[in-house]
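Engineer: Sequence:
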Amino acid sequence: MQTPSTSCRIEMLARTEHCSIGYCRRCNVFHVDLGTVSLKLHALQVHALGGSLNEALSVFKRSILAGDLSGTPRELEEPIH
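Counting from 1400, one number per residue, gives the positions in the sequence shown under our numbering.
Rather than coming from a laboratory, the hints here were simulated on the basis of the structure. You may find that some hints are simply not true.
Pairwise CB distance ranges, derived in the manner of DEER restraints [unchecked claim]:
| id | residue 1 | residue 2 | range |
| --- | --- | --- | --- |
| 1 | N1427 | A1465 | 35 to 43 angstroms |
| 2 | E1410 | L1433 | 32 to 40 angstroms |
| 3 | L1452 | C1407 | 21 to 29 angstroms |
| 4 | F1459 | S1406 | 33 to 41 angstroms |
| 5 | T1435 | A1413 | 43 to 51 angstroms |
| 6 | A1455 | S1406 | 17 to 25 angstroms |
| 7 | C1418 | V1458 | 30 to 38 angstroms |
The beta carbon of each residue, even a glycine, is placed where N, CA and C say it ideally should be.
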């Protein structure tokens, strides 16, 4: 795996108010900026992060949002890895 270079040429792939994701073809690295946090990730890491975020959102929607509205915390139905 190549390491990120200080002279990356970042191509912007997506940008929202809170997040931007770019890619450097030279070093094969994704640049993810989320507020004050910046990550440089290889493709496998981006794929793993995307899968984990999708799983977490799915569990959140099923367990937390669909839970009782009494304000009492509920246990998640599935373990989080």
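Engineer: So, for every hint listed, does it hold in this structure?
Structural biologist: A quick look at each hint next to the structure:
Restraint check, N1427 to A1465: a C-beta distance of roughly 40 angstroms satisfies the suggested window 35 to 43 angstroms. Under the hint 32 to 40 angstroms, the C-beta atoms of E1410 and L1433, about 18 angstroms apart, miss the expected range. Between L1452 and C1407 the CB atoms are about 24 angstroms apart, so this pair conforms to the stated range of 21 to 29 angstroms. Range check, F1459 to S1406: Cβ separation about 39 angstroms, and the 33 to 41 angstroms hint holds.
A C-beta distance of roughly 19 angstroms is found between T1435 and A1413, which places it outside the suggested range of 43 to 51 angstroms. At roughly 34 angstroms, the beta carbons of A1455 and S1406 sit outside the given window of 17 to 25 angstroms. Distance hint check: the CB atoms of C1418 and V1458 are about 21 angstroms apart, inconsistent with the given range 30 to 38 angstroms.
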